[in-house]
Amino acid sequence: MRVMAQMAMVMNLDKCIGCHTCSVTCKQAWTNRSGVEYVWFNNVETRPGQGYPRRYEDQETWRGGWELNKRGRLGLKAGSRFKKLITIFSNPKLPALDDYYEPWTYDYETLTNAPLQEHSPVARPKSLITGKDMKISWSANWDDDLGGSPDHGDKDVLLAGIEEKVKFQFEETFMFYLPRICEHCLNPSCAASCPSGAIYKREEDGIVLVDQDRCRGWRMCVTGCPYKKIYFNHRTGKAEKCTFCFPRVEVGLPTVCSETCVGRLRYIGLMLYDADKVLEAASTPDDTGLYEAQREVFLDPNDPEVIAEAEKADIPRDWIEAAQRSPIHALINTYKVALPLHPEYRTMPMVWYIPPLSPVVDVVRDTGYDAEDSGNLFAAIDALRIPVDYLAQLFTAGDPAPVDAVLRRLAAMRSYMRDINLGREPDGSIPAAVGMGEEQMYDMYRLLALAKYDERYVIPPAHAEQAHNLEELATECSLDYEGGPGMGGAGLPGGSGPFGEASGGASPIAVENFQALRDRQTSDSFASPEDKTARVNLLNWDGKGHPEGLFPPESEQRGSSPNTSGGPETSGTGSGGPDAAGGPEHKEDRP
Amino acid sequence: MTPPAATPVSLPALAAGTAETAGGQAGALDIVLWVVLPYIALTMFIAGHVWRYRYDKFGWTTRSSQLHESRLLRIGSPLFHFGILVVLLGHIGGLVIPKSWTEAAGISEHTYHVTAVVLGTIAGISTLAGIAILVYRRRTVGPVFMATTRNDKFMYLLLVLAIVLGLVATVAANVVGGGYDYRTTISPWFRGVFFFQPDAALMAGAPVLFQLHALSALALFAAWPFTRLVHMLTAPLGYLTRPYIVYRSRDVQLGSRGPRRGWERV
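Chain order of the listed sequences is A and B. Per this note's numbering, the first sequence starts with residue -11, numbered consecutively. Per this note's numbering, the second sequence starts with residue 49, numbered consecutively.
Just so you know, the hints here were simulated from the structure itself, not pulled from any lab data. None of the values given here were measured: they were computed from a predicted structure. Each residue gets a CB set at the ideal place from its N, CA and C atoms; glycine is no exception. Mixed in with the good hints there might be a few duds.
[Unchecked claim] With the Cβ distance kept under 10 Å, some of the chain A side facing chain B (calculated, not the full set):
(1) 78
(2) 92
(3) 180
(4) 188
(5) 189
(6) 192
(7) 208
(8) 238
(9) 241
(10) 263
[Said to hold, decoys possible] Sample of chain B residues at the chain A side, in silico, Cβ under 7 Å:
(11) 98
(12) 102
(13) 106
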């Protein structure tokens, strides 16, 4: 047994309202640059739909992920290493920009600059690639909310085979949203496809990253990833991908997409898994066996044997505890309501989904029956084969049984909790019908419906003591402090070092920023908490004048001090070097 | 001595070299061209790569434009790259391996010559055709043209010049002229550069086209580390032997400052 920890995510699709806030905030944080205009580390797809890039799930075309060869051994679907090197000069399976979309902006300037004319001026769309006028014909979510589905709805890869029935029955009723980020797979085929070895999986938390200094732009990873979540920056010529917001996760904060999720449908936590069993599980002969095989790879963090092995593998104690409290572990293995996205790609994805019950509920409600009665819902799950088949295509390689089981659990929870909410006697037979106890069902309800911030996101911070020589690192004393700053740490916001004000060196910017962010997020007031010293952000200060709060307020007017009104001393007449101007005298003048 | 290039001569004469300089003494200009310049180019090539690697790892990439266009690239790029690889092998065979070695291995001058000319011409022409397609693509496909920097244009110029001159020299020497055995002149000079004993007189006697080809190649090598051609030195041959999945620990240095010098505080 080789225990490794993996940072993982589960999304509860029933709660997704398709608002794209996750996509937009992710883009603001990570891909708001030229060269990656078309890149969406996080995107939200309407299902049924083609996805982004178009028809990315058609692996017979794109050849992403792994497949078993004739001898039953796992190999890249796009071909052997040798084949990859031979085709390196022109990757035969690379999506073109047209498969994504041509990014554009609008010529807003004409709206204000245009001369007086008969017709009002128009802001024409301009391509961000060529800078020329363009006709917009597609974008990252052109088919949002089934828009245009009469024209291209049948292009959904998963509808092959059931498209006839779809048109007749559920085009209006069956629709849900699928937010997607990088899967941070246990067996990442992008990393395996990279000729340079630039894509790596982090030992500590399993986050898959591209080393920008080692990427040479061979483009094989774009082909290798079956989820098409590696993007090629056409300016820098390097691959970029979702980072699981590692700078945030390292200090215990959730990813930007999770943080800003309106529906609070994302859960983040650790999974412990046995790295020795990954290859074997990924080589499971039957596609439909992959979901169970991957669950077998996960380890029970409460098992004393696993804990002992994890400690041997240098996994810190608080990480093991976090794995025990992990909502991911609960949703995947305890309640068994989360399913992997496309396990048949054999990459062992680590962003899982709770399939939506809402299509079923909607149908039941529309037909006038009680949509919260477990009997009705169970019957509907059985009757509505198309949603179940479609979800099975997404989550279990086509096997409807696990999807069925999950939907039944969710339906059971719905009707069991209704009795409690209405003050009626809870019906123990409902949880029993789906193989759960009453207490377990209530716990699941708590996690799915009520869980607070710290229950949804159980993220242990990265461990600084593993590397003593780090400067700008969130150490435990600066982030996990109790009862205020300054407990041993020097120079914290509002705190002081062992020898008084400003002793002990400056506090690292990262620590300060994350500290401030966390304070803001966990405090009850919108403004900065009272016990924190008012701070001014000098990162945006251009040296002109002095922003309010640069110096602490003076308790008494001292009037004659030459430095109180003159702005920064260094901007004076310039006699003497910066040392003379900003040095000791400066300090003496401070109250 | 007048440099050979200054004398107007017919094509066969160009190909055969000027008789009076062959095996003669090297003048000052020859020393500059065939002793000083090679070392400048070599120094720039090596030091440039070291510098680029240390200061611009992020810029070390192929800067592929396949995302914008792949129909022409699918033909042009493999044609060019495989062609230039064969050309590279040919240059190693012709310049690095001494004539005496191949003869000792039982390859007669004639066999070598025919093989070299046939393979070299085919490879040269496919290289040229490939780069022609690529340059055409770069000029005509809007997004690709937009992504072309001045540096790229300069590099293309040097590259095309070296390829064309090399091909013309070969064709002129073998098809129009009666053949030129560069393995007795250019090759020893080339090896001499690496033994720090370059004999300028050997090159001074070579046909003008070969000389021009060598000069254009020197210019290309000097510019090499500062262009996108750097991707050649990181050809991913290690991919064949490394494990599929790379695991790495978190970066040792996460902050903006490096670790302090001296003893580590524990």
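Evaluation of the provided hints:
| no. | hint | verdict |
| --- | --- | --- |
| 1 | 78 | 4 Å, holds |
| 2 | 92 | 13 Å, violated |
| 3 | 180 | 4 Å, holds |
| 4 | 188 | 4 Å, holds |
| 5 | 189 | 5 Å, holds |
| 6 | 192 | 6 Å, holds |
| 7 | 208 | 9 Å, holds |
| 8 | 238 | 8 Å, holds |
| 9 | 241 | 15 Å, violated |
| 10 | 263 | 9 Å, holds |
| 11 | 98 | 15 Å, violated |
| 12 | 102 | 11 Å, violated |
| 13 | 106 | 6 Å, holds |
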